[in-house]
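Enquirer: Both chains are sitting in their own frames, so use the hints and assemble them into the complex.
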Amino acid sequence: MDFDLTEEQRLLKDSIDGLLADAYDFDSRKKYMAEKGGWSKAIWSKLAEQGLLGLPFSEDDGGFGAGGVETMIVMEAMGRALVLEPYLATVVIAGSFLRHGGSAAQKEAHLAGIIDGSRTFAFAQLEKQSRYDLFDVATSAKKKGDGWIIDGEKFVVLNGENADTLIVTARTKGGQRDKSGIGVFIVPADAKGVTRKGYPTQDGLHAADITFTGVEVGADAAIGDPENALPLIERVVDEARVALCAEAVGLMDESLNTTVEYIKTRKQFGVAIGSFQALQHRAADMFVALEQARSMSMFATMASDFEDAKERATSIAAAKVQIGKSAKFIGQQSIQLHGGIGMTMEAKIGHYFKRLSMIETTFGDTDYHLRRVSEAGGVV
Amino acid sequence: MDLAFTKEEQAFREEVRQFFKDNVPPETRRKLVEGRHLSKDEMVTWWRILNKKGWGVSHWPVEYGGTGWSSVQHYIFNEELQAYPAPQPLAFGVSMVGPVIYTFGNEAQKKQYLPRIASVDDWWCQGFSEPGSGSDLASLKTKAERRGDKYIINGQKTWTTLAQYADMIFCLCRTDPAAKKQMGISFIVFSMKSKGVTVRPIQTIDGGHEVNEVFFDDVEVPVENLIGEENKGWDYAKFLLGNERTGIARVGVSKERLRRIKELAAKVESGGRPMLEDPAFREKLTACEIELKALELTQLRVVADEGKHGKGKPNPASSVLKIKGSEIQQTTTELLMEVIGPFAAPYDVHGDDDSNETMDWTAQIAPSYFNNRKVSIYGGSNEIQRNIISKAVLGL
Chain L
1 MDFDLTEEQR
11 LLKDSIDGLL
21 ADAYDFDSRK
31 KYMAEKGGWS
41 KAIWSKLAEQ
51 GLLGLPFSED
61 DGGFGAGGVE
71 TMIVMEAMGR
81 ALVLEPYLAT
91 VVIAGSFLRH
101 GGSAAQKEAH
111 LAGIIDGSRT
121 FAFAQLEKQS
131 RYDLFDVATS
141 AKKKGDGWII
151 DGEKFVVLNG
161 ENADTLIVTA
171 RTKGGQRDKS
181 GIGVFIVPAD
191 AKGVTRKGYP
201 TQDGLHAADI
211 TFTGVEVGAD
221 AAIGDPENAL
231 PLIERVVDEA
241 RVALCAEAVG
251 LMDESLNTTV
261 EYIKTRKQFG
271 VAIGSFQALQ
281 HRAADMFVAL
291 EQARSMSMFA
301 TMASDFEDAK
311 ERATSIAAAK
321 VQIGKSAKFI
331 GQQSIQLHGG
341 IGMTMEAKIG
351 HYFKRLSMIE
361 TTFGDTDYHL
371 RRVSEAGGVV
Chain Y
1 MDLAFTKEEQ
11 AFREEVRQFF
21 KDNVPPETRR
31 KLVEGRHLSK
41 DEMVTWWRIL
51 NKKGWGVSHW
61 PVEYGGTGWS
71 SVQHYIFNEE
81 LQAYPAPQPL
91 AFGVSMVGPV
101 IYTFGNEAQK
111 KQYLPRIASV
121 DDWWCQGFSE
131 PGSGSDLASL
141 KTKAERRGDK
151 YIINGQKTWT
161 TLAQYADMIF
171 CLCRTDPAAK
181 KQMGISFIVF
191 SMKSKGVTVR
201 PIQTIDGGHE
211 VNEVFFDDVE
221 VPVENLIGEE
231 NKGWDYAKFL
241 LGNERTGIAR
251 VGVSKERLRR
261 IKELAAKVES
271 GGRPMLEDPA
281 FREKLTACEI
291 ELKALELTQL
301 RVVADEGKHG
311 KGKPNPASSV
321 LKIKGSEIQQ
331 TTTELLMEVI
341 GPFAAPYDVH
351 GDDDSNETMD
361 WTAQIAPSYF
371 NNRKVSIYGG
381 SNEIQRNIIS
391 KAVLGL
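The listed protein sequences correspond, in order, to chains L and Y.
The first sequence begins at 1 in the numbering used here and counts up one residue at a time.
The second sequence begins at 1 in the numbering used here and counts up one residue at a time.
Same shape as in the complex, but just chain Y (with noise of 0.2 angstroms):
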């Protein structure tokens, strides 16, 4: 047993944060402190940039462009580019569509969507939940019928992430109704700018548009847009849903926002002194910090296990990354709000073009605290991590 990252490692570290302190926008980094939104086109920006250094699409096989690097490289990569902070990579295509594609997917396709992915040419959409389809996503409704070399797909979508920006959109279709729940469903791919695709946008609590309703009217796609096998599409996403498991726990955004909070606080006055002084604050930014640290540690477990064993089965540490590193990134909102006090209020006119210089920092912390209340619900909500950990680790 030995914590110590090696010699090449620590390296490699140095290398992946001087490239990104080369490299990030300046103006890119300073609105992902302040927890603004980015523009379309500064995360293409970025993402290009990475892209051309060769670590747009990092842990795909190198074949199809990825590093080769050791699960532990992956991991120090996350780190660094999310304490930087800098854009990570559009989940939807590189972690998400992008695997089930070189894993499920015919050489066509392969030629076809990957390199446009790895390139951001297309920006990639999910198309899972539907309005009576959350966390029983396998009751959904969007029917894909085939006619001919057609399928007719009709139905609607919703949360769907960015949509307004996308390009391609990977859909969980109803393929045969008579089917059982999960055995009916198939994985197609589709441009958003096909005929009978409508997005409507959805306003969040922090007065964001993030997300948005995605209807589907008649649209006609071309049956070689089905990846894999009709009606097995529930495999694929289970398979999709699986393979992302630890990058989830976010702790280098954690630590970021850490350094935030003991930077802002350091500035506050709160009773004649500054709010870092202030030993009930003080204490609970430290017990969030060592509920990070365990994470980080289990995290690590995981990644370490990886490496050694390979991605088959799933460490039961695992499904511990999700709720921890959900609510530790939740507690660190809290530690913001309570930093600004009353001046969490006061709502930003201005937009993400503020310049007023006293308000700056403090606009987009209530939205971020209002924002970050997602992470629990998203990616499985953490009510259906403690149902997996019964189930899957307990075996209740």
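Isolated chain L (complex conformation) (with noise of 0.2 angstroms):
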């Protein structure tokens, strides 16, 4: 047993660390997100020059053969730094499905994109009706020739504006609800008949509704299997919900500092407001929370390499769970504690305290966790 960073994770941390320090303070976040698209090209390339976009791939795959716990330093430092760029959608999620389901040949079309710098992707997935069950889904392919004819709607496509690949889910066969019969598609950006809504989201990111009407790709557009993908979709989604949390601890992190330099600078009736102690408690309170969130951050981060595919899915959700109590709690005391300034765009906490509520409702909130670990048997 060992929590301790490596060497050469600790030279990764200081190299994420180091970078993010000097170009991504708050006002150069301003300028980026004012960017076309919303995000920098100039720091993606940046995190590419560091090798950060090839971190998790196989040296054999052209990137640097890094585990989860690699991730989860990347992910923190991101949080942290309140980072627009799209290393989840691209990295962590679409990075996934090549890693567990592509092909050699996908592997091959897709990667050396991925890791350069030179192209994003986006995981079209989320449906009106689906809410959080990744198995409801209306979207369907339709066998054509040796390829597919993909016609549905999907929402809140994280980086869905800007990506151009798309990773879609679709229903090849069964009902609605089926738990069989779902596949995942690669799908150029700019194919025929997929529309794009793109907008900002709440939290300074930016996501589309997309719209696909008898899009037509190739037979080697499948990720895995086309009528069994569900189980792959599951496991990189839990390596998102993964990333999610230990982007949230950063997130955290920083929010509690924040605040709590805050509170030994301002003064109200003459004394540091950091002097009374219903603030303090506040804090310590949000310091537990913290330190609870932390831990199950590493233990998510860990669960993913589970054999146990029941075991690592409870785990992770068990993790979900922990960060989205730890995250209410402290994004919004971080704004109470803040007073009248943590109202405002110009102050940086309410940025936080907007990308934490963000994170508990992607890929299952809290109450949508607790049920799934509750119906799992629990944890202990």
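Check the hints yourself; a few may be wrong.
Said to hold, decoys possible - Restricting the straight-line Cα-Cα distance to at most 20 angstroms, the calculated cross-link-like pairs of lysine to aspartate or glutamate (EDC-like) are: (1) Lys7/Y with Asp305/L; (2) Lys128/L with Asp285/L; (3) Lys391/Y with Asp285/L; (4) Lys107/L with Asp60/L; (5) Lys284/Y with Asp365/L; (6) Lys308/Y with Asp4/L; (7) Lys36/L with Asp209/L; (8) Lys284/Y with Asp367/L; (9) Lys195/Y with Glu220/Y; (10) Lys308/Y with Asp2/L; (11) Lys53/Y with Asp22/Y; (12) Lys110/Y with Asp235/Y; (13) Lys310/L with Glu283/Y; (14) Lys308/Y with Glu8/L; (15) Lys192/L with Asp146/L; (16) Lys7/Y with Asp2/L.
Said to hold, decoys possible - Sample of chain L residues facing chain Y (criterion: CB under 7 angstroms; computed from the structure): (17) Gly274; (18) Val288; (19) Met296; (20) Met302; (21) Ile341; (22) Val373; (23) Val379.
Quick caveat, the hints were computed from the structure, so don't treat them as lab data.
Idealized CB from N, CA, C, for every residue including glycine.
Expert: The structure is reproduced here in structure tokens:
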């Protein structure tokens, strides 16, 4: 049992922390947000140069063969700096689809563009009715010759507005809520029949609602088994949840730091408001919530390698519950302890709160995961 | 980073578990499972079994009878002990005064006291809190006046756990009334059989008798019973209180209680089905399990850190353990109350010898719930813990 980072992992942490400390203060972030697409191509290139976009891919595939801990380090750092660039959608989600389900030809075709930063991806999964059920898929993929024709609508597709390539879940067989008969398809974003309606999200990222009308793709578009890809989807989404947990820990860590610094300097009644016990105890409770979340983020990172799929899913769901609870408490109390200034767009704290709030509703909220853990018989 | 236990550690867990299975008297285990009080004999019998095995004072240095285990092994031992469950070694001797004596005591004191702590020939109690000195412990007033080769002790201690069984007490006494609060305190040990010592029971809201008031009326104590230096007692007290950081979360205790909640909730009917299948109850139970899982991991982080970097600098996460650990213990007793519902009410008129088959598992549930309110008060109340976090960790 060991919670320390290896020498290499510490170097990685120093490298990403250093990059973001230099290039990603709150004012720079505002500039990146104003760029076309809502994030910085220059930062994305820097991430590529430092090898961060190739981190999880095997050396044979041109990557660095890093594991979950490395992704945790990067996502936590990105949370701390409130990074806008589409690392989750491209490296974590699309990357995991290709790593766990991609054929040699698919890896050959797509990984180089991810690793060198020339292409970004988006995962088109959510539908109007599906909410958090990954198996609830109405979008259809009908066989035509060797290939497929995709029809349907996807919503709130993260990075969907900017992505070069989409990864789309679509039903090849069965009814809308059947667990079998679901496929995963690689679709170029500029394919004929793809219509994107992009918009900024509440947390400053960008997403799109995407309509697929008679979109034709070849036989090589399907990742894994086109009639039974749910296990693959669940595995990839679990990895996305783990990454979100780490990002949330970074956000919470920075929220608490920022709040503590603020109450040390803000004066009322002639003294720093941090000298009041009511505020000190609130901050102490925020620290407790943060450490509990940090522990579960580590647990989730380890759990993504569990061989038993059920144990993996339950453990990660448990982590998402803890992160959800801690994030709500720390996010809300950070605003409260800042007082009026916390309500303004100008102050950085509100932006952390907003990102934490959106993570809560991504890939299952606290109640959803609590129910899953409960139905699985618990975690102890 | 690797959360798995090694093969050796897993084998150690098996060994410990098997030892408890083979050696904890079944009646002792039953009483603990049901939340009942043990008699003095039951506790001492078990501790002597543990000591014979060489595990009575496991975390002490090897030269004084310790095991030389790693921090992970200590963690595993404690978890298994709490989860079996078996009675924990008497903290006042083994975890509190023992380490103070082997760290600050002289050779004669080590020889005189340490073996008798290990063999439970001496039952120790703790003379810290006073009626006017709870969270503000350093305001204590009990006086020890030096007269020749004796201290004359006058004053009153309170919340003295199991003083009714104690042979010895370690006491914080004011030896320099002129010095500032923390500066004039000494750490003195003496026999509870000394002339002038009076123990008066305090009955707690669960109906039990765990704690006492202890009065000192011109108690004469030889000066060689001073541990360490005169007027340095506050340092030793801080050492003592900081010593047991990881056990305080009592993860094993809460695990065992969750196991029991599930077992009972599967039997009790609610709305025509087992309580365990009630989604609202079930989700509360799951929420508690998840909190406990997080706490277990937090505790392991502290344990791993101690194993690697020594006990010198406390891991900031350790301050979380007391707060969260006590909250979870209390939640588990609330869940048990929910499980038995209206049958929480009957008072346990038969006491610990209850042989009534139908009711014996319900009788202690409400008292245990009442009794567990103490866990967020003792050992530095949770409010004091928050003061510590805000000052020592957050720098407020």
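Enquirer: If a hint holds in the structure, say so; if it doesn't, say that too.
Expert: Here is what the structure says about each hint:
no.	hint	in the structure
1	Lys7/Y with Asp305/L	19 angstroms, holds
2	Lys128/L with Asp285/L	37 angstroms, violated
3	Lys391/Y with Asp285/L	13 angstroms, holds
4	Lys107/L with Asp60/L	10 angstroms, holds
5	Lys284/Y with Asp365/L	16 angstroms, holds
6	Lys308/Y with Asp4/L	9 angstroms, holds
7	Lys36/L with Asp209/L	18 angstroms, holds
8	Lys284/Y with Asp367/L	11 angstroms, holds
9	Lys195/Y with Glu220/Y	7 angstroms, holds
10	Lys308/Y with Asp2/L	9 angstroms, holds
11	Lys53/Y with Asp22/Y	12 angstroms, holds
12	Lys110/Y with Asp235/Y	19 angstroms, holds
13	Lys310/L with Glu283/Y	19 angstroms, holds
14	Lys308/Y with Glu8/L	18 angstroms, holds
15	Lys192/L with Asp146/L	18 angstroms, holds
16	Lys7/Y with Asp2/L	14 angstroms, holds
17	Gly274	5 angstroms, holds
18	Val288	5 angstroms, holds
19	Met296	5 angstroms, holds
20	Met302	5 angstroms, holds
21	Ile341	18 angstroms, violated
22	Val373	5 angstroms, holds
23	Val379	5 angstroms, holds
Checked against the numbered hints given earlier, the structure breaks hints 2 and 21 and satisfies all the rest.
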